[in-house]
Amino acid sequence: LWYCEGDSDGITCYNQGYLTSNCDPSNPNPTGSDSGYDSSGSQMGGGSPYGGNTPPAQGNNPILALMNNPNSLTTDQKTKLQTVLTEILKDCIGLATYNNLTSNGHKFDFSIKSDTQPQASYSPTNQSITIKDPSTLSTFNLQEEFFHAYQNFNIPGGNSQYGPGKTGSANIEFEAKVLRDMNILMNYQTGQLALTSDGYTNFLKDITNNYSSLPTSFTSSQSTQYFGFMGEFLQQTAAYSMDIIKSDLNPTAMFKLITNSTCPTH
Amino acid sequence: MKKYSIIIAIVTMSISFAYAQKIKPNSIIKTNNSTFITGDTKGESKSIFIENSRNIYQNRKPKLPPGSLSLIAKTNKYSLLSAFNQVFNKERIQELLPERSIFIQYYVSPSGKVLEVRFLLSSGTLITANELERLEQAIKSNVTFRFRPEETKGGDFFVLSQNVSYEKILNKTLE
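Residue numbers (this note's numbering), protein chains in the order written: chain A, 1 to 266; chain B, 267 to 441.
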C-alpha cells in the first residue's frame, strides 16, 4: 500500500509502511492503485493519499511509534511484532486505527507474558498491551487490541467504565468482533466469525452491502439485529458470558473509525 | 404423432430437470449423486444457504469457541483455486462475475480435513446445484487447513468462513 505525505522537505512516499522514495507531487499514487479492495485481498486506500492518511512515523519500523519503551521488548520480539503490524497496515481499517493512535501521540507499554490466556490484551487503565507469544500472534489479535485502544480514546469516558462484567462490557467486545468479521469477509480471508448462525452471516452480508463497503451507520432494523446478535454472542461464548449489554451504547467508535478511514463506505 | 409426443415429453423433462437444478429457497434439489437442501431467504440481500442433505455439523455446537485458533492457513494456499478450476471454466466464472462472490462455510476437523461445506448464495444466482455438488467434492478433495496443534486440543470441529471472490478466481489470486 502506497501513501505519501508532504512537508517542507517535499513529499515522501511509503509502501506498506516502509519508507520508499520521494515521489512526484503530480503523481502521488505511483502504483496507480484505486479505491476499494485490490486483487491480492488486501485493502487499498481510496481517495487522495494526502487526505487524512498519515503514514507510519517510524519509517521502516512503525511499531516503535506505538511503544512507550522500545527497550521493553527484545529485538527479536519487536521484529515479530513488526511483521504482524506490517500485515495490519495493508488493511484500510488497520491503517486507520494505527494512524489515529500515532497521530494523537498514543503510546503503550508492551510486554510479553506467556502464561496469559488470551493471545493479546489491552488495559485502558495502564495503557498497556500484553502479548502471550509474538510468534503466534495473529493480525486479528493485535488489530483487535488496537481497536480497543481506539475505543478507549473515542468513547466518552473511555473503556474502563465498561470493564469485564460491567454493564457495557459486552458492547465493547462485540463491536470489535463485528468490525473484525466484516474485514475478514471483505478481504476474502478465511476466519472464525464471532457467531456461526445463518442469521449473523446474513447480517454481515447486509451491513456490508454484499461485502462491498463498510457501514457508517446502521438502519433501525440493523441496529435491532446487532443487539440481538450481541446477546447470542454472550450466550455462545463462555469467555464473555459474564459481560453485560448496555442497550443504548451503540457501535459509534466503529462507525467513526470507518468514516475516517480510506475504506469504501456507505 | 407418437414420435412428436415422445420428443415433446423429452424436451419437457429436460427443461424440468434443468429448472430443478436452479437454486430456490426452501427446496430439495436432486443432483447427480446427492440431494441438496436450501433454506429460507434471509436478510435484506435475500440470500439462501444451501448444503448437502447429508450434512450433520450445522446443528452441532463446536466444543471450542470461535476465536480459539490463532493460525488458520490452507496447507496449499492455492488449493481452493484448484477446486474451483476443476468445476468452473473461465467463461463460466465470467458469467458469475456480476454476483461478485460466493460465501463458503467450512466444517473442519482438528487435523484440518474439510468435513462438510455450506454455501451462501444470493437469490437468483446462476450457479446450479450440480455445480455445487462438484464444488463440494473438489473442496473436500483439494483443501486442507493447518492449525497450531496445541490450539485444537479438546476440539471436535471448527467452523471457518470465507467469502470467495470470482474475480480472484479469474486472475488466479484466490487463496
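There could be a bad hint or two in this list.
[Unchecked claim] Non-contacting residues of chain B with respect to chain A, defined by C-beta distances greater than 10 Å in every case (computed):
| id | residue |
| --- | --- |
| 1 | Lys290 |
| 2 | Pro291 |
| 3 | Ser293 |
| 4 | Glu310 |
| 5 | Ser313 |
| 6 | Leu362 |
[What the hints assert, rightly or not] Now the in silico label distances, taken between C-beta atoms and shown as ranges:
| id | chain 1 | residue 1 | chain 2 | residue 2 | range |
| --- | --- | --- | --- | --- | --- |
| 7 | B | Ser407 | A | Lys166 | 33 to 39 Å |
| 8 | B | Ala339 | A | Glu232 | 39 to 45 Å |
| 9 | B | Thr439 | A | Asn71 | 47 to 53 Å |
| 10 | A | Asn104 | B | Ile322 | 47 to 53 Å |
| 11 | B | Gly390 | A | Ser111 | 48 to 54 Å |
| 12 | A | Ser212 | B | Arg414 | 28 to 34 Å |
| 13 | A | Thr79 | B | Ala339 | 17 to 23 Å |
| 14 | B | Gln360 | A | Lys107 | 35 to 41 Å |
| 15 | A | Ser212 | B | Asp422 | 34 to 40 Å |
| 16 | A | Asp76 | B | Asn437 | 57 to 63 Å |
Source of the hints: derived by calculation from the structure; they are not laboratory data. All C-beta atoms in this analysis are idealised placements derived from N, C-alpha and C, irrespective of residue type, glycine included.
Here's how the hints hold up against the structure:
| no. | hint | verdict |
| --- | --- | --- |
| 1 | Lys290 | holds (17 Å) |
| 2 | Pro291 | holds (12 Å) |
| 3 | Ser293 | holds (16 Å) |
| 4 | Glu310 | violated (4 Å) |
| 5 | Ser313 | violated (6 Å) |
| 6 | Leu362 | holds (14 Å) |
| 7 | Ser407/B to Lys166/A: 33 to 39 Å | violated (49 Å) |
| 8 | Ala339/B to Glu232/A: 39 to 45 Å | violated (28 Å) |
| 9 | Thr439/B to Asn71/A: 47 to 53 Å | violated (40 Å) |
| 10 | Asn104/A to Ile322/B: 47 to 53 Å | holds (50 Å) |
| 11 | Gly390/B to Ser111/A: 48 to 54 Å | holds (53 Å) |
| 12 | Ser212/A to Arg414/B: 28 to 34 Å | holds (33 Å) |
| 13 | Thr79/A to Ala339/B: 17 to 23 Å | holds (20 Å) |
| 14 | Gln360/B to Lys107/A: 35 to 41 Å | violated (50 Å) |
| 15 | Ser212/A to Asp422/B: 34 to 40 Å | holds (35 Å) |
| 16 | Asp76/A to Asn437/B: 57 to 63 Å | violated (37 Å) |
Against the hints set out earlier in the document, violations occur for numbers 4, 5, 7, 8, 9, 14, 16.
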